[in-house]
Every structure is written in structure tokens, then in C-alpha cells.
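A.B. asks: Mind docking chain B on chain A? Use the hints.
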Amino acid sequence: MTEFTPIESLTGGLLIGVAAALLLLVNGRVAGISGIAGGVLGAVRGDRLWRVLFLLGLPLGAALVSMGFEGTGVPRAPTPLLVAGGLLVGYGTQLGSGCTSGHGVCGMARGSKRSIVATTIFMATAALTVFAVRHGLGGAS
Amino acid sequence: MNALVALASGLLFGVGLALSGMTQPQKVLNFLDVTGTWDPSLALVMGGALAVSAVGHQLARSRRAPLLAPQFPQPATAGIDRSLVLGSSLFGVGWGLVGLCPGPALANLAQPATSTLVFVVSMGVGMALFRLGSRAGAMPGPGAAIATVGMIASLGVLLR
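As you go down the protein sequences, you meet chains A and B in turn. Using our numbering, the first residue of the first sequence is number 805, and each one after it goes up by one. Using our numbering, the first residue of the second sequence is number 3, and each one after it goes up by one.
Extracted from the complex, chain B is given alone in its bound form:
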């Protein structure tokens, strides 16, 4: 049952992403391009999603447990640390380079295209690299390495 609810939620999420325009990299890049061809549409996606999600959290607060699970997720105990800041910074750079964040990238697999596949596979490799790095106990090291690789690749294209 939990699995079916997860599928339903994923479906709804995918419909929402596709309807909202989050799945179109050019639209995302234009949203981020405040000083250029700014398209404010995606502010409404974030705003709308945030509003409904906040109602969900209020409802959760007034209940002891979810309908089909023993407990609600526990918030992270970590504060604002180096990992959060470095990780979010790197994510933003990647998002800005291509115009895809994880959800829309996966949703776009509905339309087979080489460039989408290349991005999704690279994203999976990035996730796996983190898992390997954190298992080896070398957390910030790979981060710096990936940032360097990313910057070099980007410069290679930009200065070609």
C-alpha cells in the first residue's frame, strides 16, 4: 500500500512538474536570468508548491503518526554546516549550467533524448561518488575534486 501511495505521489509530482514548465530547461534558465530574459513563471511553481506543502505540514503537526507509517520524519539534527553550504553551492552551479534539477531531469526521461540521458547518468554518478566518498570518510575531498572537474569542463566549453 505504501508503495502504491509512493507511485501516486510520484505521478502527481511528475504531472505537476511537466504542467508547471519546470521540465523545460530554457524556461528554468530564463527564470534564473534575472538581468536578462527573465521569466517569473517558476516563482509561482515554488510559491504554489510551498503553500500546499505548508498546509500538509500543519496537518502533520496535529497528528500523532502518518496514516500508513509509524512516525513522521525526524528533522535533521545538524545545524547550518559546511556540507550544507558547499553541497547547495555546487548543486546551484550545476542547475544553472544546464537548467535541470533532479525531479525535472527524471521526469524528462518520458521523452527519450540523448542529452537528458547524459545528464541523468552524470547525476547518478555524482550521487554514487558522494556515497563512495562518505563511506571512505573523505567528505570534503571529492567535493573539491568535482567542483574542479565541473569548472574545467565548463571553461572548456565557454572558451572554445
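Extracted from the complex, chain A is given alone in its bound form:
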């Protein structure tokens, strides 16, 4: 069980939205984490620094919150699942051109059909996976 945290979650969501709007309106960039990370790996000169700094900001921001209360978390899945999950998330977000932020927050905000379809699909396969792991095959966690 985890507690329902409407205030914290809504506030956090609003801040994520502000971050995305800031990056779009000032730098003309989409705040999609997988897209920004993928661009660090692809070598385009002069297009790397802002990406690295943005990505660096994520743990720094999380660390700021963690000084106040528990802000970060640790995945509990066994190692093979961590590896499989990581590979799938990394590969899938590049093939599908986006993740929760790029499609879910930025793409849907401008009414992109591709993003609406992508978000529906990954929410569905994620929910099905959780169902299979928790209620289907033996019920692990």
C-alpha cells in the first residue's frame, strides 16, 4: 500500500508543467526525458551541453526535495527484472520517440495524435504488466 497524496502529487505535476513550459518558451525545446537523453548519445556537436545540464538538474532537484522529506525512491525489483526493465524502457522510448514526459506531458498538451496513441499504449501495457506480475504469475510483490 502507498498513501494517496493529492496535494504533493498535484503540486509536483504543476512544477513539471512549469519546467516543460519554460524549456519550450525560452529554449524552444521539448522537455521529453528520453528524447533529451537520446540526443546525448547521438553525437551532434554544440547540441550536447544543454541536454547534459537538464539531465543533471533532475537528480539535483530531487536531492533538494529529499532534504525536506523522502523524495527519492529505490526500485525493489530483483536484478534480472531491473536489467530487462531498463533495456525495454531505453529501447522502447527511442523506438517510440518518447516517454511519459515527451508523449504524456508535452505531446498530449499540444494535442498530438501520435502522443495520445503512444500514451494510451504504454499506460495499457504497463498496467497489464503490473497485473501479470502481481496477480497473474504467482504474485511476486
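Some clues are possibly wrong.
What the hints assert, rightly or not - Calculated lysine to any residue pairs in the SDA-like style (CA-CA distance at most 25 Å, straight line):
1. A:Lys917 to B:Val120
2. A:Lys917 to A:Gly832
3. A:Lys917 to B:Thr79
4. A:Lys917 to B:Val57
5. A:Lys917 to B:Pro68
6. A:Lys917 to B:Ala67
7. A:Lys917 to B:Ser136
8. A:Lys917 to B:Ala62
9. A:Lys917 to B:Arg84
10. A:Lys917 to B:Gly49
11. A:Lys917 to B:Pro75
12. A:Lys917 to B:Ala53
13. A:Lys917 to B:Leu61
14. A:Lys917 to B:Leu6
15. A:Lys917 to B:Ser85
16. A:Lys917 to B:Gly81
17. A:Lys917 to A:Gly843
18. A:Lys917 to B:Leu88
19. A:Lys917 to A:Leu826
20. A:Lys917 to B:Pro77
21. A:Lys917 to B:Leu52
22. A:Lys917 to B:Arg65
23. A:Lys917 to B:Ala45
As the list claims (entries may be wrong) - Covered by chain B, per the in silico footprint, the following chain A stretches (three or more residues, Cβ under 8 Å):
24. 812-818
25. 880-886
26. 909-919
Hints listed in this document are in silico derivations from the structure and should not be mistaken for laboratory results. In this text, a Cβ means the ideal position worked out from N, Cα and C, and glycines have one as well.
C.D. replies: Quick look at chain B alone, frame taken from chain A:
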């Protein structure tokens, strides 16, 4: 200046993720577990972020260019194709297995833990594999391979 704005945006994003609970895999898994111990909190994260982001896009629409860049990003010209569907499906499975998507996974590096590192490194390898595959022109092949590897690894754990 662009770099500083990117850092500021990343910081805000990280604060938002940590405050919202997106960084806690158990909370994410409970959000996805609609038929079990459902925790609706993360719907508010998505809703809140989407609302503000939509205002941002409206503002962008009424301007010719961003403050510090020549132009706004051009939307993808591709339609709803095989890559989008297959990629999003694979991403969802990975997200559901561990409870971390890319942003929260990186934000959690603030708290050094082996399991977070293993996930983030694997995610980087997955991204790099895609880059290599698309450079070699073998797009769907590696996708199928990764899906197979993922499924085998998962089954290995579940049936142990």
C-alpha cells in the same frame, strides 16, 4: 544562457518529480495496479503537468519564436506507425516491471542505490542499442530481440 535555462528547467522538473511521488517505484506500480492496491495520486501528477504544459503550448502558438532560440520545435511528420506502437508497447512493459520511467530513474540517482544504477545503466544500453540498430538499418530486428530478452529475463524471475 540556453544551457542555464536548461539546467533550471531540469532542476524544476526534478523537484516536481520528487515532490509528486513519481520517483517512488512502489507508488508508480500501485498507480498502475488498478485492480489491486490502486493509488490514484499519479493521475494528478499527469493532470497537473499536462494542464500547465498546455498553457505553455498555447503561449508558444501566439509567438513567432522562443525567447532564446530561432524557432519552436517542429512536430513529427510521421503518422501512427509501427515504430511508435511497438516502441511504446515495449516501454510500457519495462515501466510496469520496475516502476521507473526515464525521468524518475535519473532523478533517483540523487540517492545512490545499486538497483537504481543497474536500471539506469540498462536503460542507457537500451538507448544505445537502438542508435546502433537504426544506424545499421535494422530497425524492427533489435526490437524483437530486446522484447525476447526482456520476456525471458522476466519469466526467469517469475517462475523461479
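A.B. asks: Apply the coverage criterion to the segment 812-818 of chain A and chain B: a residue qualifies when its Cβ sits closer than 8 Å to a Cβ of the chain, and three qualifying residues are needed.
C.D. replies: Contact hint for the segment 812-818 of chain A vs chain B: holds, 7 residues under 8 Å.
A.B. asks: Holds or violated: Lys917 of chain A with Gly843 of chain A, Cα cutoff 25 Å?
C.D. replies: 23 Å, holds
A.B. asks: Please work out if Lys917 of chain A and Leu61 of chain B have their alpha carbons no farther apart than 25 Å.
C.D. replies: Holds, because 20 Å separates the two Cα atoms, which is no more than 25 Å.
A.B. asks: Would the pair Lys917 of chain A and Val120 of chain B pass a check requiring their Cα atoms to be no farther apart than 25 Å?
C.D. replies: 34 Å, violated
A.B. asks: Given the proposed pairing of Lys917 of chain A with Ala53 of chain B, does the C-alpha separation stay at or below 25 Å?
C.D. replies: This hinted pair holds, its Cα atoms lying about 17 Å apart.
A.B. asks: Is it true that the CA of Lys917 of chain A sits at most 25 Å from the CA of Ala45 of chain B?
C.D. replies: The given pair, whose Cα atoms are some 20 Å apart, holds under the 25 Å limit.
A.B. asks: Examine the segment 880-886 of chain A for residues whose CB is less than 8 Å from any CB of chain B, and state whether their number is three or more.
C.D. replies: holds (count 7)
A.B. asks: Holds or violated: are the alpha carbons of Lys917 of chain A and Gly832 of chain A at most 25 Å from each other?
C.D. replies: Holds, because 21 Å separates the two Cα atoms, which is no more than 25 Å.
A.B. asks: Holds or violated: are the alpha carbons of Lys917 of chain A and Ser136 of chain B at most 25 Å from each other?
C.D. replies: 24 Å, holds
A.B. asks: Examine the segment 909-919 of chain A: at least three residues should have C-beta closer than 8 Å to a C-beta of chain B.
C.D. replies: holds (count 8)
A.B. asks: Quick one, are Lys917 of chain A and Arg65 of chain B close enough, alpha carbons at most 25 Å?
C.D. replies: Status holds; Cα separation ~23 Å.
A.B. asks: Would the pair Lys917 of chain A and Ala62 of chain B pass a check requiring their Cα atoms to be no farther apart than 25 Å?
C.D. replies: Holds: Lys917 of chain A and Ala62 of chain B sit about 19 Å apart, inside 25 Å.
Of the hints listed earlier, those the structure fails to meet are numbers 1, 14, in rising order.
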